[in-house]
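**Student:** Each chain, letter by letter, is given below.
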Amino acid sequence: MTVENTPLLDVRNLSIGLRDRDGVGYDIVRDVSISLYPNETLAVVGESGCGKSLTALSMLSLIASPPLFITGGSIMFGGHDLTKLSASEMRAIRGAEIAMVFQDPMSALDPMFTVGTLLTSAVKAHQKVKSAVAKEISLAALADAGIEDPKRRFDEYPFQLSGGISQRVMIALALVNNPKVLIADEPTTALDVTVQAQILERLKELKSERGMALMLITHNLGVVASVADRMVVMYTGEVVESGPVAEVLAAPHHPYTNGLLGAVPRLNSGTTELTSIPGRVPQPYELPVGCTFADRCDRSIDICTVKHPVLELGTRTDVRCHNPVD
Amino acid sequence: MKAVLKTTILMLILLLASSLAVFAAIRLSGGDVTAARLPASASAADRDLFRRQMGLDQPILRQYITYLGDLLRGDLGNSLTNNASISDLAVQKIKNSAILGGMSLLLVFGVGVPLGMVASLKRNSFLDTGITSFSVAGMAVPNFWLALISIHIFATTLGWLPSAGQGGFKYLILPSVVLAAEGIALTVRMTRSAMIENLNQDFVRTLRAAGLSERRIYFKHVLRNSLLPIISLAGLRIGQIVGYALVVETIFGWPGVGQVLVNGVLRRDYPVVQFFSLLLVFVVTMGNLAASIGYTLANPRLRK
Chain Z
113 MTVENTPLLD VRNLSIGLRD RDGVGYDIVR DVSISLYPNE TLAVVGESGC
163 GKSLTALSML SLIASPPLFI TGGSIMFGGH DLTKLSASEM RAIRGAEIAM
213 VFQDPMSALD PMFTVGTLLT SAVKAHQKVK SAVAKEISLA ALADAGIEDP
263 KRRFDEYPFQ LSGGISQRVM IALALVNNPK VLIADEPTTA LDVTVQAQIL
313 ERLKELKSER GMALMLITHN LGVVASVADR MVVMYTGEVV ESGPVAEVLA
363 APHHPYTNGL LGAVPRLNSG TTELTSIPGR VPQPYELPVG CTFADRCDRS
413 IDICTVKHPV LELGTRTDVR CHNPVD
Chain S
-3 MKAVLKTTIL MLILLLASSL AVFAAIRLSG GDVTAARLPA SASAADRDLF
47 RRQMGLDQPI LRQYITYLGD LLRGDLGNSL TNNASISDLA VQKIKNSAIL
97 GGMSLLLVFG VGVPLGMVAS LKRNSFLDTG ITSFSVAGMA VPNFWLALIS
147 IHIFATTLGW LPSAGQGGFK YLILPSVVLA AEGIALTVRM TRSAMIENLN
197 QDFVRTLRAA GLSERRIYFK HVLRNSLLPI ISLAGLRIGQ IVGYALVVET
247 IFGWPGVGQV LVNGVLRRDY PVVQFFSLLL VFVVTMGNLA ASIGYTLANP
297 RLRK
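Note that the protein sequences, when read in sequence, are chains Z and S. For what it's worth, the working numbering labels the leading residue of the first sequence as 113, then goes sequentially. For what it's worth, the working numbering labels the leading residue of the second sequence as -3, then goes sequentially.
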């Protein structure tokens, strides 16, 4: 694996908040920094509602605004801060530079148009080409996404496709303009287990073939272990731990990461019981002063409920914890 | 194909049932059929003679069978009041009503859909509130009242448009707008809510992520999805126009089917009422059939 030192996409101290008409509200994503390098797969892990999807959507300016707003930080890409681009500048980047694959492919494709129409529209949104050329490009993208007979699928409607094929069409739709960054938001959650593995394998291959940066949002640690190079763990809208997958999974430093790993069933371990993390995730409007994980944490010490921990930058992994696991 | 055959058979049954219903209803509604044709001074014997000549002294069931037989042979009979051939009458009246109804239908969708789109695009703006308020008013106001008020304003007071009758395009404006008003209002609301609902669908986010322009997403993808409910309820709009035409044609003196039918009922002109009522039933069923065919064609799930 070759990882270059300049990030392709650099999210710096990003905060996203929910605001009402008078500007009153609270932040859902706080101080998130994520760097994406060419030819690497970054996994973003966390429970539902931890802000991982929102962070991803903000990279394409696709957050529903209002009521959501970027309240701080920057998203640097190609020398520009994406948070400051106009709508039309952003449109030129979507799909062409940064593309996204969503979960639940069955509802994410417009039911009224054929696969071919959807793909060629995407091509023509960015490239001034004749229809025949757009069709060639689309067929190639379908083949690239691992679809066996692209010509047949080209003329089919989304309702005629299985979940796995739909997701491949989504991937083709994302790849059709050769983006540098591909964000996949739980791309396999809605699919059968066997299909999941095929799709992930294909995504991994595509990343290598094209030297793309792949950001994979998931809550499946098995997927992380098999596909990703680096990982970021998010909790209550913050990054609590990040680092190379092998190291984070082998020796998690944050008690939350540790808890997540304990909740994963393993075939070859001696233990028969799965551990669970006690308590519940606090809502964004009721976050405590100290560490947001403190009242669920078995390593909580006095300072945890008083002072909010900062993300300590280590040589290999970064951890946001007053009393990390060694 | 099978569905079309099934619908056709159902339509024939419906037409048969409504012919019986209309036949019975007009006879049960009382009144004297001779009053319109014979002078007030006519004797009871003259009136009996007239009834006999017209076959109205026969048992009702036999009258119905005779009527059905004539209808199947294409003999629509003559008006009881002026002996005019109903087939001759029908051609002109149907043409007039088709002009009025067609214009109204055009207004319902030609005005309703674009206004609904504007309202959904400028959601919660001043313009949206204006359009939505107008459409609420359009649904609440009864068309006979709207007809009278519009005659008062545009014909009597301003003198811009004729109040009644048939002539050039000018004569068509008031009746067709009044006839279309409720349909426009309903179509505006339906278009607006369908557009807003579809704008929040997952597929819109996918298209945005692919870099399609907002205009293209809105006018191609969201609109296309929103047309489905509008088409599926087009049959209802047609039925509404047919029903309201009775009132509107009468008020505006528009010489169409509605006017003939209303006059026919008032004079107990059985053959006229029977034929034109059946015609309306036929038009409404055809409208519904056309709407369901349109829906099938517009929906790839059903087309394939």
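Calculated directly from the structure, the hints in this document are not laboratory data. Glycine included, each C-beta is placed from N, C-alpha and C at the ideal position. Mixed in with the good hints there might be a few duds.
[Claimed, not checked] Each pair of labels, with its calculated beta carbon distance range: (1) Z:Ser198 - S:Phe165: 44 to 50 Å; (2) Z:Asn290 - S:Ser209: 16 to 22 Å; (3) S:Ala13 - Z:Phe271: 46 to 52 Å; (4) Z:Ser198 - S:Pro110: 27 to 33 Å; (5) Z:Ala176 - S:Asp124: 15 to 21 Å; (6) S:Arg220 - Z:Val376: 42 to 48 Å; (7) Z:Ser198 - S:Lys118: 16 to 22 Å.
[What the hints assert, rightly or not] Derived lysine to aspartate or glutamate pairs resembling EDC-like cross-links, with alpha carbons at most 20 Å apart: (8) Z:Lys240 - S:Glu210; (9) Z:Lys240 - Z:Glu268; (10) S:Lys118 - S:Glu210; (11) Z:Lys292 - Z:Asp193; (12) Z:Lys236 - Z:Asp216; (13) Z:Lys236 - S:Glu193; (14) Z:Lys247 - Z:Asp267; (15) S:Lys216 - Z:Asp267; (16) Z:Lys196 - S:Glu210; (17) S:Lys216 - Z:Glu321; (18) S:Lys216 - S:Glu193.
**Student:** Could you tell me which of the hints above the structure violates, numbers in ascending order?
**Tutor:** 3, 9, 12, 13 and 17
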